[in-house]
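There are 2 protein chains.
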Amino acid sequence: MIISSRKNQTVSRSRGLINEKKFREKEALLALEGEKLCDEALKAGLKAEYALFSEEAEKKFPQTVKTLSDVCPTYIVTDEVYSYISGQKTPQGIFLAAKLLDKSENLDRIIEKEKIILLDGIQDPGNLGTIIRTAEAFGIGGMILSGDCADPYSPKALRASMGSALRLTPFCAEDTLSVALTELKKAGFALYAAMLDKTAKKLGEFSFPKKTALIIGNEGHGISQSAAEQCEKLYIPIQTAESLNAAAAAAIFCYEMSRNR
Amino acid sequence: MIISSRKNQTVSRSRGLINEKKFREKEALLALEGEKLCDEALKAGLKAEYALFSEEAEKKFPQTVKTLSDVCPTYIVTDEVYSYISGQKTPQGIFLAAKLLDKSENLDRIIEKEKIILLDGIQDPGNLGTIIRTAEAFGIGGMILSGDCADPYSPKALRASMGSALRLTPFCAEDTLSVALTELKKAGFALYAAMLDKTAKKLGEFSFPKKTALIIGNEGHGISQSAAEQCEKLYIPIQTAESLNAAAAAAIFCYEMSRNR
Numbered sequence: 000m001i002i003s004s005r006k007n008q009t010v011s012r013s014r015g016l017i018n019e020k021k022f023r024e025k026e027a028l029l030a031l032e033g034e035k036l037c038d039e040a041l042k043a044g045l046k047a048e049y050a051l052f053s054e055e056a057e058k059k060f061p062q063t064v065k066t067l068s069d070v071c072p073t074y075i076v077t078d079e080v081y082s083y084i085s086g087q088k089t090p091q092g093i094f095l096a097a098k099l100l101d102k103s104e105n106l107d108r109i110i111e112k113e114k115i116i117l118l119d120g121i122q123d124p125g126n127l128g129t130i131i132r133t134a135e136a137f138g139i140g141g142m143i144l145s146g147d148c149a150d151p152y153s154p155k156a157l158r159a160s161m162g163s164a165l166r167l168t169p170f171c172a173e174d175t176l177s178v179a180l181t182e183l184k185k186a187g188f189a190l191y192a193a194m195l196d197k198t199a200k201k202l203g204e205f206s207f208p209k210k211t212a213l214i215i216g217n218e219g220h221g222i223s224q225s226a227a228e229q230c231e232k233l234y235i236p237i238q239t240a241e242s243l244n245a246a247a248a249a250a251i252f253c254y255e256m257s258r259n260r
Numbered sequence: 000m001i002i003s004s005r006k007n008q009t010v011s012r013s014r015g016l017i018n019e020k021k022f023r024e025k026e027a028l029l030a031l032e033g034e035k036l037c038d039e040a041l042k043a044g045l046k047a048e049y050a051l052f053s054e055e056a057e058k059k060f061p062q063t064v065k066t067l068s069d070v071c072p073t074y075i076v077t078d079e080v081y082s083y084i085s086g087q088k089t090p091q092g093i094f095l096a097a098k099l100l101d102k103s104e105n106l107d108r109i110i111e112k113e114k115i116i117l118l119d120g121i122q123d124p125g126n127l128g129t130i131i132r133t134a135e136a137f138g139i140g141g142m143i144l145s146g147d148c149a150d151p152y153s154p155k156a157l158r159a160s161m162g163s164a165l166r167l168t169p170f171c172a173e174d175t176l177s178v179a180l181t182e183l184k185k186a187g188f189a190l191y192a193a194m195l196d197k198t199a200k201k202l203g204e205f206s207f208p209k210k211t212a213l214i215i216g217n218e219g220h221g222i223s224q225s226a227a228e229q230c231e232k233l234y235i236p237i238q239t240a241e242s243l244n245a246a247a248a249a250a251i252f253c254y255e256m257s258r259n260r
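Heads up: the protein sequence lines correspond to chains A and B, in order.
FYI, in numbering that gives the first Met the number 0 the residues of the first sequence are 0 to 260.
FYI, in numbering that gives the first Met the number 0 the residues of the second sequence are 0 to 260.
If we strip away everything but chain A, and leave its shape as in the complex, we get (with noise of 0.2 Å):
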C-alpha cells in the first residue's frame, strides 16, 4: 500500500523525526535521509526501527529497499508525500529512522583515546558536523561537546560530517565541559585551549603528548573561562588581524594534532 495522505501516523512520525530535536529525543532515534548516511548508519551498527521510501526511490534504489527491509519495516510513500516529510530541497526519497547509541557508555569509552577534541558552544549545524569529519579523517579517537553545542544527530549536521557522527558518536555534556576536563585530567590527558591569549603557545613549534584534548570555542564568544582556566592556550599563526572559522581552524589543530604520532 502506497501511504498518500499527510495526515498518516508513520508520515507525521518521520517528519517529527526530521525537524524536531525533541521529536527525536523523546523517541530516542535518529532520523537519516539519502542512501549514503543510511548505509553508513547500518554499517555503524546502529539499530533500524523503520524506513520509508518515495515511490521514485522504491524503483530507482532496489538494492537499498532490500537491505532495509530485511531489518525493519519499511513504508512506501508518494513522491509528493515524500517532500513534506523530507528537510531537502531535492531530496533522494529514502529515509531510517534508527536507534540512537547509548550516549551514557560514550564518556569512558572516549577517555580510553588518545587524541580528543572537545567542541564549547559551536551552534553552527554546518561547521559542527564539518568537525566532526574532520577529526574523523585524522583519526582523532572522540570527541566531547558542551550542552550548548548545535546538535550532532540533526539532519543538517549529520549531512555536513557525512555520516562520520554514526562512527564517532561525540559525547554531548549535560551542561559545561567542566566534568569531562576533570576526567580527562584524573586520565593523565594534557589539556589544551585554542585561543588567543598573552601565554599563548603557537601552533606548530612542539609536538602534542601523546594523549592530547584540545578545546576549540564559538566564534564570537570562544572559550567559555571555565574551560579555559583549566588549559594551556595555544593558537595558529595567521597574518591578519581577522579570526579563522570554527571549521577552518579545527582542520588545522587535527593535521597537527595527527602529526605528532
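It should be emphasised that the hints constitute simulated quantities derived from the structure, not laboratory data.
Careful, some of the hints might be misleading.
Stated by the list, open to error - Mimicking DSS-like on lysine-lysine, the simulated pairs with C-alpha atoms at most 30 Å apart in a straight line are:
#: 1; chain 1: B; residue 1: Lys201; chain 2: A; residue 2: Lys210
#: 2; chain 1: B; residue 1: Lys200; chain 2: A; residue 2: Lys210
#: 3; chain 1: A; residue 1: Lys200; chain 2: B; residue 2: Lys46
#: 4; chain 1: A; residue 1: Lys88; chain 2: B; residue 2: Lys210
Since the structure of chain A is provided, determine the placement of chain B on it from the hints.
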C-alpha cells in the same frame, strides 16, 4: 520620506541586487548587508552607489547612517519592506549597493604576489566564502576562480568570507583555469594541485617555493584533468578512507603555505 511600497523602484532594484547574480553583473554592483560588511566595503575603497536602511536600523545605527549619507544617496524603508528586500532571516536593516571592482586588472596584480590559491569548481557559496576568509588570514596574496565556481560576491559567500572578498578580490576566470595557469607558469610559479594520486607528495614533508600557486578542486569531481596535468600533486595525510571538506582542506594548505615563508 519613508518608503512603504514594495513596488518602489529602489526597493525592486535592491531586492534584485541581493537575489540575482545576473542583475548584479548587469548593474556592475555588489549587494552588501549588515553594518560590518558595509563598513568593510568602505574601508576596502569600494565606491558606494546608494544605501538603504530600515526605520529600526536608522534609529539603532546613527553612525553608520551618517557615514553612508556622506558618500552616497540613502533611502529609508519600513521594517516590513526591508524584510521583503533582504535575503536574511533576521536582517540588521542596512543595505549598501557598491561598485564592483574592475576585474580586468586583477590577474596582473595577483601574479605579482608570492602565494596564490586557485579554486576549480567550488560550488557551495559557504565553502567558497570560508576559503577566501582563510586565505586572507594566512596572507595568501591572491585568488583565482574557475568560471564554474560560485559567485564570491553573492550575499551568502560575502557573509561567509566576513568581507575578505572585498580585500582579496578574487579573479574570476571566464571558463577554466588554463589561461591563468599558463600565465603563472610564465611568471615562475611552482604549480600544485591538491589531490590524491599515486604520484602525489605528502603535505608537510617539504617546503613550498617562494612563488607557489595551489589548486583546490570541487569535492565531488576534484580538479579538472587539464588543470591537474600542469601541476605537481599534493595530498594531506589522513587516517581514514573519508575525504575532507574543501574548506577544511584549504585551511590546512593555507596554513602550510604560510609556514614555509
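Outcome of the hint check:
Taking the CA atoms of B:Lys201 and A:Lys210, the gap is about 25 Å. The hint holds against a cut of 30 Å. A threshold of 30 Å between alpha carbons decides the hint, and for B:Lys200 with A:Lys210 the separation of about 29 Å falls inside it, so the pair holds. For the suggested pair A:Lys200 and B:Lys46, the alpha carbons sit about 41 Å apart, so the restraint of at most 30 Å is broken. Between A:Lys88 and B:Lys210, the direct Cα distance comes to roughly 43 Å. Violation of the 30 Å bound is thereby established for this hinted pair.
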